[in-house]
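Let the sequences and hints guide you as you build the complete structure.
Number of protein chains: 2
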Amino acid sequence: MILPQGFRSAGLACGIKEKKTTFDLSLFVSDVPCAGAGVFTKNQVCGAPVKVSRERVPGDSLRAVVINSGNANACTGERGIEDAKWMTGLVADGLAVAAEDVLVCSTGIIGRFLPRTPIEAGIPAAIEQLGADSEAFLNAARGMMTTDTVPKQAMRVVNVGGQEIRVSGVAKGAAMIAPNMATMLSVIMTDAPLDAAQTDQMLRHAVDRSFNCVSVEGHTSTSDTVFLLANGASGAEALSEAELGQLQTALDEVAMELGQAIIRDAEGADHFVTIEVSGAAERADAMEIARTIANDALVKTAIAGSDPNWGRIVSATGRTSVKLNERDIVLHINGTLIYTEGRPAEYNEQAISDGIQQNRDVLIQIQLPFGEETVVFWTSDLTQEYVRLNSEYTT
Amino acid sequence: MILPQGFRSAGLACGIKEKKTTFDLSLFVSDVPCAGAGVFTKNQVCGAPVKVSRERVPGDSLRAVVINSGNANACTGERGIEDAKWMTGLVADGLAVAAEDVLVCSTGIIGRFLPRTPIEAGIPAAIEQLGADSEAFLNAARGMMTTDTVPKQAMRVVNVGGQEIRVSGVAKGAAMIAPNMATMLSVIMTDAPLDAAQTDQMLRHAVDRSFNCVSVEGHTSTSDTVFLLANGASGAEALSEAELGQLQTALDEVAMELGQAIIRDAEGADHFVTIEVSGAAERADAMEIARTIANDALVKTAIAGSDPNWGRIVSATGRTSVKLNERDIVLHINGTLIYTEGRPAEYNEQAISDGIQQNRDVLIQIQLPFGEETVVFWTSDLTQEYVRLNSEYTT
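Taken in order, these protein sequences are the chains called A and B.
Residue numbering for the first sequence follows the UniProt record's numbering, beginning at 1 and increasing consecutively.
Residue numbering for the second sequence follows the UniProt record's numbering, beginning at 1 and increasing consecutively.
The set of hints was computed from the structure by calculation and includes no laboratory data.
Heads up, none of these hints are tricks.
When chains are identical, the list treats them as one kind, so a pair holds in a single copy or across two.
In silico lysine-lysine, BS3-like type, Cα no more than 30 Å apart, as pairs:
#1 K323 x K42
#2 K42 x K17
#3 K323 x K51
#4 K51 x K19
#5 K323 x K85
Dropping the structure here:
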């Protein structure tokens, strides 16, 4: 997995985390000023880095993203804001760019001030180590991990007008056992030629179909952030409408792969659940139903128990604000018709249950008769192990 | 615990449930026509009895409520509606009243047709056994139980103008291990003289402060129903404004006691959690915050782990639609200041954690600076046992 042209990255252990060999700092740099956009948590209680970065995007002269793990710099007041700005200043000094062109994320424990000493040594070391090879990219994916068990990277290549354009991204998040919250961070880079408004629009499109379609327990963190940077270093000319469409597809796929990787890395989960809601009049309706099913503790425990419990799924659908009655819902689980015309269908319960038990992936499909809108959503099941992991963590 | 004047009840095992000695039928009868109201699930996928009863309240000539457990008669189409009406007809025939004056509830497995044979024999037997003593009242509380481990009754007496007015209620619900959903049913009776509009208004007031303030996993069932019946048999004259206020307080208390009993009966839960949100500008704001905290899996697992995890609570508050920032929130847990002015307070973590571990009751208080509205909400924690119980049940 490699970076797009004109990007370099680094990741290392600078000593923020207790175990001094665990990576806790990542840096992504564009060799030339680039366009970029960000999407942030909607939680009103948000970390200082969110407040600082939010002011700097969309932008067209961005140069770097610096990320530390081990401390979220959230609920830290004015001093937290100063610390976040100070981090971007350190990066800017080392790269000889403006601090306003550096973005910042922090993830980890909340309510504690950022430890400046390790970061003060770590940032110059990261600049020193910047590289364009796959190892440098992997190191950067590792520096942002908290409870993740695997680094998360994804990449697509699009060929337009004889030029190869790359879209490469990293993410962190393993929602089940997040120390305080399920913080999700992602940096996606491309060497396509885009302006700031284009990055903003394309990033929102991608996030709406990826990171906004994954949920473990429905709790948005104080620090969730996704960035898109585009530096034009591929050498491709300005893209046509059709080419932009190809690039959007690649970007959507990278974001989806990263979002799904977070759910797949959910420790304590036994099943990876895909929920497809089709036939809605509005996309928002399909989204509300998918999200309600995904966050329903009774649905999630049923799946953990390999139980094709149509009652819980149909009832979760009914308790949304989408106007419908029980005859409007057609439910398939793993491709088998389970519920239609207001009644359970004829099916082999044991076979469905065995199918859930024996496979990590489960597909729940809800068909409605109202329109053409479809949403695909991903979640995990709710197991005893999830509860054990989340109960045993203490601040 | 006794019924109000002029009410009789019965409960017995008629054979709907697999184990033939387990109670599964309850009957409540007023000796004279009475005023009554109902509050029903907002779930659009709702049981046939909800559809039938909803048409019959508020009313001023009601005579009886019949309830069966073991079968919810939900997702049963037209035949389900016929079955529910047929049940009320059987009661009406036995009591020589009109079927339209009989209300009906069913709770249990969904998607299966009601078994008519046991009910056909059970209803005349229940009519035969109707009694006004405490045993008859307890039997009726038992006949509506599903996964409840204890029958739930509550009673208050108000003295007005030299007359004693009783408010007596029963409820069922043990949300954690509900077979399909957390169905909650309650019947509250009073011998106060009220008209239909008064019962409707007073019931809504009480439900808003009781059953609407309890949640285990945020899933409203297909069958949730609360009825209030008032037959005037106390002999009290029409009540003054002040006397109506006294009666409302008694009714609120009965409903709160029943609602809390449902949370306390939540199998698999280790803690009974009271969430108090004060200082909100609107009651709806306080309610949204309380409900969001109550349904947050990360907050609930933290409590199961005896962890005073202010980060999860403050973040859950921030992800509501109530406009606020982290400096607006003051958090106490079990009376100790945990978070204020955007930062964690100084407190003894071990002492707080020990306090949670050693007591079943936990009090979470959120103070806001916006107004005078307060909501008190009750929930349980999220334990491994909850997941085990909900996973292992299969349809």
